[in-house]
Structure formats: structure tokens, C-alpha cells
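Enquirer: Order-wise, the sequence lines are chains X and F.
According to my numbering, the first sequence is numbered sequentially starting from 1.
According to my numbering, the second sequence is numbered sequentially starting from 1.
Simulated from the structure, these hints should not be mistaken for lab results.
Each residue gets a CB set at the ideal place from its N, CA and C atoms; glycine is no exception.
Check the hints yourself; a few may be wrong.
As the list claims (entries may be wrong) - Within a straight-line C-alpha distance of at most 30 Å, the following computed DSSO-like cross-link-like pairs (lysine-lysine) qualify:
#	chain 1	residue 1	chain 2	residue 2
1	X	Lys104	X	Lys253
2	X	Lys295	X	Lys249
3	X	Lys193	F	Lys103
4	X	Lys351	X	Lys104
5	X	Lys297	F	Lys99
6	X	Lys304	X	Lys328
7	F	Lys144	F	Lys103
8	X	Lys58	X	Lys271
9	X	Lys209	F	Lys19
10	F	Lys19	X	Lys206
11	F	Lys33	F	Lys97
12	X	Lys271	F	Lys103
13	F	Lys19	X	Lys193
14	X	Lys271	X	Lys301
15	X	Lys104	X	Lys295
16	X	Lys271	X	Lys104
17	X	Lys328	F	Lys99
18	X	Lys193	X	Lys271
19	X	Lys304	X	Lys351
20	X	Lys327	X	Lys304
21	F	Lys103	X	Lys328
22	X	Lys58	X	Lys43
23	F	Lys33	X	Lys181
24	X	Lys351	X	Lys209
25	F	Lys33	F	Lys19
26	F	Lys99	X	Lys181
27	X	Lys301	X	Lys206
28	X	Lys193	X	Lys206
29	F	Lys144	F	Lys99
30	X	Lys58	X	Lys249
Stated by the list, open to error - Pairwise CB distance ranges (calculated):
#	chain 1	residue 1	chain 2	residue 2	range
31	X	Asn147	F	Glu43	14 to 24 Å
32	X	Asn147	F	Gly80	43 to 53 Å
33	F	Gly80	X	Lys304	21 to 31 Å
34	F	Leu142	X	Asn178	43 to 53 Å
35	F	Thr143	X	Phe140	46 to 56 Å
36	X	Ser55	F	Asp6	46 to 56 Å
37	X	Phe140	F	Asp87	46 to 56 Å
38	F	Gly22	X	Glu259	43 to 53 Å
39	X	Gly356	F	Ser2	15 to 25 Å
40	F	Asp87	X	Glu98	43 to 53 Å
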Amino acid sequence: MEQVIYNSADLKSQEYFINMGPQHPAAHGVLRLILTMDGEMVKNIEPDLGYIHRSIEKQCEHEGYKQIIHLTDRLDYLSSHMNNEAVALAIEQAMQIEVPERVKVIRTIMGELTRIASHLLWWGVMGMDVGALTTFMYAFRDREMINDIMEETCGARLTMSYSTPGGVMFDLHPNFVNRVKEFIPHLRSVIPKYDELLTGNIIFQKRMKNVGFLSAQDAISLGASGPVARGSGVSCDRRIIEPYSALSKVDFKEILYQEGDNLARYNVRMKEMYESLHIIEQLIDNIPDDGIQAKTKALIKLPKGEFLQRVETARGDFGVYIVSDGKKNPYRVKFRSPGFSNLNTLMEIGKNQLLGDLIAISATMDFVIPDIDR
Amino acid sequence: MSYFGDIFGGIRSLLTGMKITGGYFFPSIIGRKYTITRQYPEEPAVVAERFKGEVVMWHNENNEHRCTGCQACEIACPNGTIEIIWDRVLNEETGKKVKVIDKHIYHLGMCTMCNLCIQACPTNAIMWSTNFHNATFDRSQLTKVLNHPGSKLMTGVEE
């Protein structure tokens, strides 16, 4: 009897596709990824958006300029304060009003607190995605302190709507400074514990190191921004390139890692929390006292023209582009959301990876789906 | 060699992690030292005084409110949460027709707690309540009439 010997190259496996999402426990929200699979290998990724589309840009055309701000809370809800600030800055830039120093300092402190809260939540969820459930509990415990501070001053825990054109909604609560000063040493003492718990863990290291490589060239050409691009060594921090609010007065450095793998993106965010704390420390002791609202008219009308303001949110470069035709509501509003461009990079770096690694890669991308799908 | 090295490395990092979690776990079960969770329905929730729960209208003991029906809140609202039904009623003392609210309707289900109505109110008639127990079995119960039945405008409050 003749024996048939199969060569492994002759064996053809069949490609098939599976849907990851829109209701997937490992995806952060309603993101649907159509994966073309060959065994365990991901051959192609096609994101399908539209599950949480609320046409916020179109809604903005029917709202007055003060009313736009509460809609931007609902884009990237984890960095809601920075989104509010971006719209407020764009309107102020168009109307050429100078806001009081106190407002600038308050906005910067609030922005950095929101950034820390966002990174803490990301750290918890990231650990959970790669199989460490404890991180979720620890991160939420510390994030709760920021939420309490926000609740006391802004009246809301997540969608603050705190910045208004020309100022902020409320003055700082009398407890604010003390509570922030309590929080800073607390977070400085727990981040080393986080590192010990998760960063040094050998299983975590093996899932992170040399997985999901994104080259600097790809990061630039695909429009990545924020910690995703900085993990590949691309300097793109809007806070340094064009400092807004009180950021020109503070001293901090941009975190850059050259490796471009999962661990680099992870480290960028962990180190950024220290930088944010450093910014808050410089501002918290001498908050100027010159009012919380610049004089604006009750009905805001922008002059004719096009206005662009970019800020650095927790996920990257957030842009607000307003086209005004001189009426009380904008002709067109465009939001440049960081998550959408970062999703492009996932399509590139998720190819030829294992399915399990794709979860880890998308965890380090830190997606917030309402931001991608406005 | 690296095979056994990996095993020992794995056990060591496992123990390092257990040290952190154990450091929280044992003091918590013995003395509740690091316990931060609250037994919510038994213990009342701590809510900040500025918490934006729902919009309410302030009434004094004579069932009088401060709302003149100027509709500034209705115009300021971004999504039509507030509707005011009003009428002009003849004031017998001055002989002029005065705007009087019939119903100040507030759709809690649509409200995004943006604070613009309260900022816009010239007479401080509406304000935030910290009540957050807003869950109902029926959506129609989320439509509220803020002025109490039979309430009047407080004397001396003008637009």
C-alpha cells in the first residue's frame, strides 16, 4: 500500500470571518470588528461603526454656542472636561475675549484631574482585558476620589459641562484645594503598588512585550495621536506644541517611548499620570482670584469665519472646527476625535496577530466608542 | 534552564502580586481597615451639596413661587426639557395684564443636567435638588410639573 505523505504547505486551511462585537465583553463599548481569521491568526480587521451614532455634529448646527458644550461631554465621556474646554477655547478665540487667570488655572487643574481619572480607568480595564481582575477594583477605588472632587465642585461625576464660553460654571468648592492636596500623595503612593502588581508580572510582560508593533512612520501616516503615537516615539503633545490655558506657565515633559509595542503604550500612560500630578502640584497652591467669568453677551454670536482649536485629551489630539456665518448657531461643526484615527492603527497592527493578542492591543489603544462614532 | 527559570519567575511574580492583594485583604476582613464600600440601601448615600439631581422650583410656606413665566429657562435649554404654559391675567390693583404661569413642565427623562436653565433664570425660581432616586416604572412619571397646584407668584418678584 502506498503511503500518502502530506506536506504542511499543501494543507490549505479555510479562511473564515467572525464578528467581534458589537456586544462583546472584551470590547469597550459597541465596537464591531469583522475579523477574517485563519485558524487563530487574524488576517484582516474591518471595523463597522454606527452602533452609537447620535449625529452630534449635526445637532450642534441647531444649538446656540453655549448649548454645544453639553453635547461634547457625550463624545469622549472619560475626558469630558477637555472636550468642554476645547469648545470654550474655540468660541473665546473667535470672540477674542480674554478669560481671567483663575479660569485658566481651574481649567488646567480640572483637565489634568480628568486625565488621571481616565488613565486610572484605562489601567483597570486594561488589566481586566489581559486577565487580571484585581486591577479593576484598585483603579476604581482611586478614581472614586477624583469623582468625589468633581462632584463637589462641578455637581456631576462624569459629564461635568463645567467650562462655559468665557469662564467656568461654578466657583471652586472651599474643600477643593484640600481634597486635591490629599489626593496627590495618595496617588503617588499607590502607583508603585500598581507597578508591582501588574507591570512586573511575568504573564503580563509576556503579553505586552514585542506584541502589536506600531512603527513611527505608520503612526504618523495613519494619524495616530496621544499615548498611541508617543509609544512609537512620535512627539505630538498639543500641551507642549501650542500650550493653552495655564499650561504655558507650568513645567512638565512629554513622555516618549521608542519601542512601539504594547508595553511602550502602557508605560506612556503610567508615566503620564506622574506628569499630570506634577502639573497640578505647581498650580494648586496659588490659584489667582480674579473672577470665574469674563463678560460675555447673553446671546453669543460669532463673527464670520472658520475657527480651529486643538487640545490634548486623555486619548490624543481633539480638534474643534467651527464654521460660522455670523448667526447665533454655527454653520458647521466638525470634531476631530482621537479615537477614530487610533482605530486606523488597530487595523494595521492587528494583522497577522493571534486573536488573544488583538484583545491586548485594543486594550492598549484605549478606545471610547462614543468618541469614535459621534 | 530558561524553562525552569520561567517557572520560578512566574511563581515569584505571583507571590509579589499576592503580597499586595493580601496586604489589603487581611486588614480588611479583620478590622475593615481598607474597606471603602458602603452598604448603600441601609446606609444613606453621601451626595455633594451641588449635585445636579433634578430641577425643582422653590416654594415658601404660603405656597408661593418666584417664577414670573419669562421663559428664559425654556430658551436656554438645549433640548426642550422645559415647557411653560402661561397666560396673561388682569391684575386688579394696577389694571394691567400680567404674565402668570399655569404649568412649568419639566421632562426629567430628557434633561442632561447642563445647568443652563438655572444660570439663565433672572429670579432664581428654579434650583437643583440632590435627589437622585429618579427610577420609575413608567416613563410618563418622569414628566413633572414643577409649580405646586394652586401656587401663586410671590409678591414683589418682577421680571
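Enquirer: Does each hint hold? Answer for all of them.
Expert: Here is how each hint holds up against the structure:
| no. | hint | result |
| --- | --- | --- |
| 1 | Lys104(X) x Lys253(X) | holds, 20 Å |
| 2 | Lys295(X) x Lys249(X) | holds, 24 Å |
| 3 | Lys193(X) x Lys103(F) | violated, 57 Å |
| 4 | Lys351(X) x Lys104(X) | violated, 43 Å |
| 5 | Lys297(X) x Lys99(F) | holds, 26 Å |
| 6 | Lys304(X) x Lys328(X) | holds, 11 Å |
| 7 | Lys144(F) x Lys103(F) | holds, 10 Å |
| 8 | Lys58(X) x Lys271(X) | violated, 37 Å |
| 9 | Lys209(X) x Lys19(F) | holds, 24 Å |
| 10 | Lys19(F) x Lys206(X) | holds, 21 Å |
| 11 | Lys33(F) x Lys97(F) | violated, 66 Å |
| 12 | Lys271(X) x Lys103(F) | violated, 55 Å |
| 13 | Lys19(F) x Lys193(X) | holds, 10 Å |
| 14 | Lys271(X) x Lys301(X) | violated, 42 Å |
| 15 | Lys104(X) x Lys295(X) | holds, 15 Å |
| 16 | Lys271(X) x Lys104(X) | holds, 24 Å |
| 17 | Lys328(X) x Lys99(F) | holds, 27 Å |
| 18 | Lys193(X) x Lys271(X) | holds, 14 Å |
| 19 | Lys304(X) x Lys351(X) | violated, 46 Å |
| 20 | Lys327(X) x Lys304(X) | holds, 8 Å |
| 21 | Lys103(F) x Lys328(X) | holds, 29 Å |
| 22 | Lys58(X) x Lys43(X) | violated, 36 Å |
| 23 | Lys33(F) x Lys181(X) | holds, 22 Å |
| 24 | Lys351(X) x Lys209(X) | holds, 17 Å |
| 25 | Lys33(F) x Lys19(F) | holds, 17 Å |
| 26 | Lys99(F) x Lys181(X) | violated, 51 Å |
| 27 | Lys301(X) x Lys206(X) | violated, 56 Å |
| 28 | Lys193(X) x Lys206(X) | holds, 20 Å |
| 29 | Lys144(F) x Lys99(F) | holds, 21 Å |
| 30 | Lys58(X) x Lys249(X) | violated, 36 Å |
| 31 | Asn147(X) x Glu43(F): 14 to 24 Å | holds, 18 Å |
| 32 | Asn147(X) x Gly80(F): 43 to 53 Å | violated, 29 Å |
| 33 | Gly80(F) x Lys304(X): 21 to 31 Å | holds, 29 Å |
| 34 | Leu142(F) x Asn178(X): 43 to 53 Å | violated, 37 Å |
| 35 | Thr143(F) x Phe140(X): 46 to 56 Å | violated, 34 Å |
| 36 | Ser55(X) x Asp6(F): 46 to 56 Å | holds, 52 Å |
| 37 | Phe140(X) x Asp87(F): 46 to 56 Å | holds, 51 Å |
| 38 | Gly22(F) x Glu259(X): 43 to 53 Å | violated, 33 Å |
| 39 | Gly356(X) x Ser2(F): 15 to 25 Å | holds, 22 Å |
| 40 | Asp87(F) x Glu98(X): 43 to 53 Å | holds, 45 Å |
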